[in-house]
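Colleague: Next come the chains, spelled out residue by residue.
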Amino acid sequence: MASIVLNHIKKRYDNSDAFAVKDFQLEIKDKEFIVLVGPSGCGKSTTLRMIAGLEQISEGELYINDKKINDMAPKDRDIAMVFQNYALYPHMSVYGNMAFGLKIRKLKKSEIDQRVREAAKVLGLEDYLDRKPKALSGGQRQRVALGRAMVRNPQVFLMDEPLSNLDAKLRVQMRSEIAKLHRRLNVTTVYVTHDQTEAMTMADRIVIMKDGEIQQIGTPKEVYNNPANVFVGGFIGAPPMNFVPAIVSEVGVQINDHIISLPAETMDKLHAYIGKSLIVGIRPEDIEYVKSTEETAFTATIDVAELLGSESLLYINFEGNNLIVKIPAEDVRAGDTITLAFKSDKLRFFDSETETLIV
Amino acid sequence: MRLDQLKSVYGDALIDDPSKVTNPGAYDWFKTKDGTIFGVRNDHLSTNERRLLDLSFIPYAPKSLNRTKKQLLWARLTFNDTPPENTVQLPQSVNLIYFILKKFSNQHRDLESAIHSFFHNAYLTTIWKSSEEGIIVLKKEQDCSGELINLIMSDFYCDLFMLHVHEIAVSSLSRMYADHFSLLNKAQLLYPDQHDFQLIHLLPLMLLDAAQRQKNFDLTKWMTKFSELPHDLIKSVEIFFYHNFNLSTAANELYIHRNSLQYRLDRFYQITGLDPKKFKDALIISLLLDNQRYEQRIKDQ
Ligand SMILES: Nc1ncnc2c1ncn2[C@@H]1O[C@H](COP(=O)(O)OP(=O)(O)O)[C@@H](O)[C@H]1O
Ligand SMILES: [Mg+2]
Numbered sequence: 001m002a003s004i005v006l007n008h009i010k011k012r013y014d015n016s017d018a019f020a021v022k023d024f025q026l027e028i029k030d031k032e033f034i035v036l037v038g039p040s041g042c043g044k045s046t047t048l049r050m051i052a053g054l055e056q057i058s059e060g061e062l063y064i065n066d067k068k069i070n071d072m073a074p075k076d077r078d079i080a081m082v083f084q085n086y087a088l089y090p091h092m093s094v095y096g097n098m099a100f101g102l103k104i105r106k107l108k109k110s111e112i113d114q115r116v117r118e119a120a121k122v123l124g125l126e127d128y129l130d131r132k133p134k135a136l137s138g139g140q141r142q143r144v145a146l147g148r149a150m151v152r153n154p155q156v157f158l159m160d161e162p163l164s165n166l167d168a169k170l171r172v173q174m175r176s177e178i179a180k181l182h183r184r185l186n187v188t189t190v191y192v193t194h195d196q197t198e199a200m201t202m203a204d205r206i207v208i209m210k211d212g213e214i215q216q217i218g219t220p221k222e223v224y225n226n227p228a229n230v231f232v233g234g235f236i237g238a239p240p241m242n243f244v245p246a247i248v249s250e251v252g253v254q255i256n257d258h259i260i261s262l263p264a265e266t267m268d269k270l271h272a273y274i275g276k277s278l279i280v281g282i283r284p285e286d287i288e289y290v291k292s293t294e295e296t297a298f299t300a301t302i303d304v305a306e307l308l309g310s311e312s313l314l315y316i317n318f319e320g321n322n323l324i325v326k327i328p329a330e331d332v333r334a335g336d337t338i339t340l341a342f343k344s345d346k347l348r349f350f351d352s353e354t355e356t357l358i359v
Numbered sequence: 001m002r003l004d005q006l007k008s009v010y011g012d013a014l015i016d017d018p019s020k021v022t023n024p025g026a027y028d029w030f031k032t033k034d035g036t037i038f039g040v041r042n043d044h045l046s047t048n049e050r051r052l053l054d055l056s057f058i059p060y061a062p063k064s065l066n067r068t069k070k071q072l073l074w075a076r077l078t079f080n081d082t083p084p085e086n087t088v089q090l091p092q093s094v095n096l097i098y099f100i101l102k103k104f105s106n107q108h109r110d111l112e113s114a115i116h117s118f119f120h121n122a123y124l125t126t127i128w129k130s131s132e133e134g135i136i137v138l139k140k141e142q143d144c145s146g147e148l149i150n151l152i153m154s155d156f157y158c159d160l161f162m163l164h165v166h167e168i169a170v171s172s173l174s175r176m177y178a179d180h181f182s183l184l185n186k187a188q189l190l191y192p193d194q195h196d197f198q199l200i201h202l203l204p205l206m207l208l209d210a211a212q213r214q215k216n217f218d219l220t221k222w223m224t225k226f227s228e229l230p231h232d233l234i235k236s237v238e239i240f241f242y243h244n245f246n247l248s249t250a251a252n253e254l255y256i257h258r259n260s261l262q263y264r265l266d267r268f269y270q271i272t273g274l275d276p277k278k279f280k281d282a283l284i285i286s287l288l289l290d291n292q293r294y295e296q297r298i299k300d301q
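Note that the protein sequences, when read in sequence, are chains A and B.
Under the UniProt record's numbering, the residues of the first sequence are numbered 1 to 359, in order.
Under the UniProt record's numbering, the residues of the second sequence are numbered 1 to 301, in order.
Derived from the structure by calculation, the hints contain no laboratory data.
Only a predicted model underlies this, so the values are computations on that prediction, with no experimental measurement involved.
Derived Cβ-Cβ restraints for the label pairs, each shown as a range:
1. A:Lys-68 with B:Asp-196: 26 to 36 angstroms
2. B:Gly-146 with A:Arg-105: 22 to 32 angstroms
3. B:Ile-271 with A:Ser-16: 19 to 29 angstroms
4. A:Asp-336 with B:Asp-266: 36 to 46 angstroms
5. A:Glu-111 with B:Leu-3: 45 to 55 angstroms
6. B:Tyr-255 with A:Asp-257: 27 to 37 angstroms
A few chain B residues that don't get close to chain A, going by computed Cβ distances all over 10 angstroms:
7. Ile-15
8. Glu-49
9. Arg-67
10. Ser-93
11. His-180
12. Asp-275
13. Ile-284
Glycine residues also receive a C-beta, built at the ideal position from the N, C-alpha and C atoms.
Produce the entire structure from the sequences given, and follow the hints as far as they go.
Modeller: Here it is as structure tokens:
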């Protein structure tokens, strides 16, 4: 059982004049799987290291279960850390690897044995306890590394890009392995990654960061459907959201010569923008293939067509903007002219200056 | 040298009681002939000063470190330059990993056992210089140290920085250790989010050190010039280098147009006479930027 509260946490490193983390505000619920995601250098590891106690918190308070722990030593925080590239002691058995962290904490032999065997059972490693890491498959080794963290029965798991050094196949496998483990153990987890796919597939809630600042907090679905700003729309989702500048009129938005009329309720929210420009955002899959008779339709020539199994990615030019369109696989190729339309309920509008979501 | 003389030189940077500080790792600790222990903040020590102190006093490792017989021998060899009795077989040369621990909770024996089981047959000993600094001595080169750092961090809940030095003659240990520690300390200041260093990667640091000591070479003039540059020019050049001279991706990261970046790089060239787009100039710029960052960080501390 552990809830974590980060209350207006800031971090300025001794040797730097800028804040690496600025006013980080987040309440993590018990059993939640939280993913911090963002480009390299945005402050993810710094935040995690402050939770771990490896980094001093410059301002703000950190609570685990309502207890303020700003100054508590890392080893007393009841956490287990898993870092980039799962590491094992090469000359210790699987059992030895899992037991080591407990041995140095002076747990009783019987207690250690019980915990190691239990973790081995959960991870399907019972038959491998005597083996050395060399004699294991890649996936098994990763599971032993997870087991090393598991046997501590921590209140919180902290993971810093644990999958970043694995090959693509193992990465996908371990993703679901960790998710499965979380469902089974229900331990509050803070997971750091720069990979938005990882974040989207694993998180209960995602925290998207940029330049030390939280951009948005929400479920994968929320941040995907309603990105708080242009950065989030571009960062979450692959391929990213398309962005097109437009002018707001009385009845809709105008993208060069193309007019998209909008429902009254949307127009209400855009009222202040009439006559001004804003940014229209649309996901690649929210641009449809339609019959040319529909009034919102437009035609475009395909620059590049990529067939990805059941879907096609089309790179088109629309009113001077490059767009990516994702449609069910069609027999189209570069040079073809096709008719498309925006799903108007999926259009998102951002302020041109602040780049934040209007509606 | 007497302690009170040192005190007048280092002022508050000299502490005469290890229990007074919360971050003993930030100090170099020594023992006088009469047993008094004192520490000097390691960022106040130049390489040469450190060497002088190492020669005049005994490097001190706090009490929790009861050295084993073997460790005592290696410690003498390293810190006091006492050759062992000829009954002891020592290798001609060894590989070393200098390390600095942070937030370490004094589990020295357990840490040694972790290191030992990691390196297994290649392991010779761990020489503790202080309670948070030491040298792992290995028979042969090992290169999975990134894993060792992760293991130690997760098992001991501490932070760890390492510098690898290959093929060192045992007889030169005592001459070299102070320089190596000082390099690792500097590296940590300059590249704070990196934990694992090879000696060769610290070549820029060594070159800058050497340049600073050249009387016929005015590095200061250059540093002044750089410090007067607008911040966005410096930042642009740094990001341009980080992106391996790729204008487009660098401009993306800076949220500016490619042409604006181009313009900034040209401005940089006009002001400094060094062209970031030319490899040879870039090399020099990179060194000067390193130096600037380093001096800035020293000043901030
Ligand atoms: N020990 C440190 N000292 C000074 N600056 C640091 C240190 N660690 C990280 N930074 C800086 O803080 C910022 C955030 O870094 P970090 O948290 O590692 O980002 P991320 O994990 O998201 O890539 C970066 O600008 C980085 O250079
Ligand atoms: Mg990181």
